[in-house]
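Letter by letter, the chains look like this.
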Amino acid sequence: MTAEEIIDSGLLELYVLGQLDAEESNLVEQSIAKYEVVRAELRDIEKALGQYAMLHSLDVDQSVLDRTIDSINTQNTDSIAREEYHKPSDVGISNKTIWSWLGPLSAIAASIAMIVIFIQIDRLSQLTDDMESLIVECEESQNKLQTQEEIFAGIQSQDNRMILIEPSEKYPETRLIIHNNTVQNINYLQINNLPELSDGLAFQLWSLKGTNEPIPLSVFRRGEDLIIPIEYVDNTDAYAITIEPESGSESPNLEELIGVFVMS
Amino acid sequence: MKGVQTEQEIILMIRNRNQNGLSHFYHRYAQPLMGIIGRIIKETVIAEEVLQQTLLKVWNKIDTYDPNKSALFTWSSIIARNTALDKVRLAGYQYRKNQEEIDDHHLTQITEQASGDKIDAHKLLSKLDSKHRILVEKMYLHGYSQKAISEEMNIPLGTVKTRLRSAILILRQELKNEKGLFLSSLAIIGYIIYKLVS
Numbered sequence: 000m001t002a003e004e005i006i007d008s009g010l011l012e013l014y015v016l017g018q019l020d021a022e023e024s025n026l027v028e029q030s031i032a033k034y035e036v037v038r039a040e041l042r043d044i045e046k047a048l049g050q051y052a053m054l055h056s057l058d059v060d061q062s063v064l065d066r067t068i069d070s071i072n073t074q075n076t077d078s079i080a081r082e083e084y085h086k087p088s089d090v091g092i093s094n095k096t097i098w099s100w101l102g103p104l105s106a107i108a109a110s111i112a113m114i115v116i117f118i119q120i121d122r123l124s125q126l127t128d129d130m131e132s133l134i135v136e137c138e139e140s141q142n143k144l145q146t147q148e149e150i151f152a153g154i155q156s157q158d159n160r161m162i163l164i165e166p167s168e169k170y171p172e173t174r175l176i177i178h179n180n181t182v183q184n185i186n187y188l189q190i191n192n193l194p195e196l197s198d199g200l201a202f203q204l205w206s207l208k209g210t211n212e213p214i215p216l217s218v219f220r221r222g223e224d225l226i227i228p229i230e231y232v233d234n235t236d237a238y239a240i241t242i243e244p245e246s247g248s249e250s251p252n253l254e255e256l257i258g259v260f261v262m263s
Numbered sequence: 000m001k002g003v004q005t006e007q008e009i010i011l012m013i014r015n016r017n018q019n020g021l022s023h024f025y026h027r028y029a030q031p032l033m034g035i036i037g038r039i040i041k042e043t044v045i046a047e048e049v050l051q052q053t054l055l056k057v058w059n060k061i062d063t064y065d066p067n068k069s070a071l072f073t074w075s076s077i078i079a080r081n082t083a084l085d086k087v088r089l090a091g092y093q094y095r096k097n098q099e100e101i102d103d104h105h106l107t108q109i110t111e112q113a114s115g116d117k118i119d120a121h122k123l124l125s126k127l128d129s130k131h132r133i134l135v136e137k138m139y140l141h142g143y144s145q146k147a148i149s150e151e152m153n154i155p156l157g158t159v160k161t162r163l164r165s166a167i168l169i170l171r172q173e174l175k176n177e178k179g180l181f182l183s184s185l186a187i188i189g190y191i192i193y194k195l196v197s
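One line per chain: the protein sequences are H and X, in this order. Counted from 1, the first sequence has number 161 at position 162 by numbering that gives the first Met the number 0; the numbering is strictly sequential. Counted from 1, the second sequence has number 61 at position 62 by numbering that gives the first Met the number 0; the numbering is strictly sequential.
With the rest of the complex left out, here is chain H (with noise of 0.2 angstroms):
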C-alpha cells in the first residue's frame, strides 16, 4: 500500500486505539518505518486523540501512585524472595554442581594424597638408605678406627722395628718406612712421600728373596691414610716397590723402581 493509501484507508486511527489485528498492526508499522508522511499523519492522530483523553481526564486519587509503588516494592522483595525461595533450587543446582565436581574433586584430593604418600614414601625410602649409608660409612668409621688402632698399637709395640726405604736414584725423594713387626708378622708402610703417578698405573710392593723370583704384593695407590697395612711374608730379605700398571704385574719393572727396604 502506498502512504496515501494507508492514511485514507483508516487504518492509522484504528491502530492508535489498539483495534488492529496483527498483519494489519504489521502493516502499519511497515509503512510508519518507511514513510514520513505516514509517521506525521499517525503523531497528528496520537495528539488529537491524547488532547481528547486530556479532556476527559478524570480525577484520580494519589493513593493510587503510593499503592502502585507499594506494588512495584512488594513485587521487587517478592522477586527477591522468590529468587531466595528459588535459592534452594539454585543451591539445588549448586549442590548438584557440588556433587558433580565432588568425583573430580575426591579424584583430586585422592590424587594428591597418593602424591604426598608417594614423596613420603620416597622421602623414607631415601632416609633409609641414607641411614644405611651411615651406618655403612659408621661401621667403615669404626672398622678404620680400629685398624688405625691396631696400627697405632702395632707401631708402639716393643717388637715393632722401622725399616726406611732406600730410594733409588729415579725417584731420591721418596721418603717411605715399613713398621714390621715378626712377633705378631705383620707390616705397616708409612708414606711420607712418594712420586707422582700417571693414569692408569699404581705402586706394587714386592718380597725379595734371595736369589728367587720377586713375590708380587699389594698394589695400591696414594690416599688419605698415612700408614696403611701391607703384606706380610716371612723370612723375606727385603721389600721393593715398583710403579706398574694398576692391576698389578707379575714381575717388577725395575725401570720404575722407587726404592728398597732391607729387612736383614
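Quick caveat, the hints were computed from the structure, so don't treat them as lab data. It should be emphasised that the depicted structure is a prediction, and the values quoted were computed from it without experimental measurement. Where a beta carbon is used, it is the ideal one built from N, C-alpha and C, also for glycine.
Output of the computed footprint for chain H on chain X, the stretches with three or more beta carbons under 8 angstroms from beta carbons of chain H:
#	segment
1	23–31
2	66–72
3	135–145
4	159–170
Starting from the known structure of chain H, arrange chain X on it as the hints suggest.
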C-alpha cells in the same frame, strides 16, 4: 522530584527502574488514563485498581515499548483500555458503565483543570456532530470494537472506519485552530505590550 520531564526522560527513568519516572508518568497521564478506565468501569474503587494495574504494566513492560511505533500515551492508553475491558469481562459486565451515564460533569471539571492548555473543550467537542461524537466516545473512551459499534449503531464496518477518521480529522482541525487562536492571542498581546512600552 525534579520538575517537568520530557517523555524520553520519563521512559528512560522507568527503564532504569527509577520510581520517580513512574511518578512523572503518573502526574502527566494518570488522569486521562483514568478518563478512559472510568468510562468503562463504573465503580471508582475498581477503576482505580485497574489504573494501578495499568501503571504496573507500564512499569513492567516498558522494555517492550517502541517509541518509533507510537507515543507513550498511545501505548499506555491501549494498555489501560484493554486492562479495563478484561476486568469487565472477568466480572461479567457488572462494572460496565452505561453509555447514557456519560455526561459533561467531569468534562467541565477537567476542562477547568486543563485550562492551562487553553483549549475550550466544549467548543472543541461541539464541532463534532452526535454521530461522530458518540462513535469517538464509544471507541476511544469505552473501548468498543468496530464490530460492536457496527452492530450497535447498525452501520457497516467501512462506515465505522470512515466516521472515526472524519471525527479525528475534525478534532485535529479544531485543535490546530485552537492553538492558532492561542498563538494569535499571544502575538496580539505581545504587540500591544510592545506598543505600550515603546
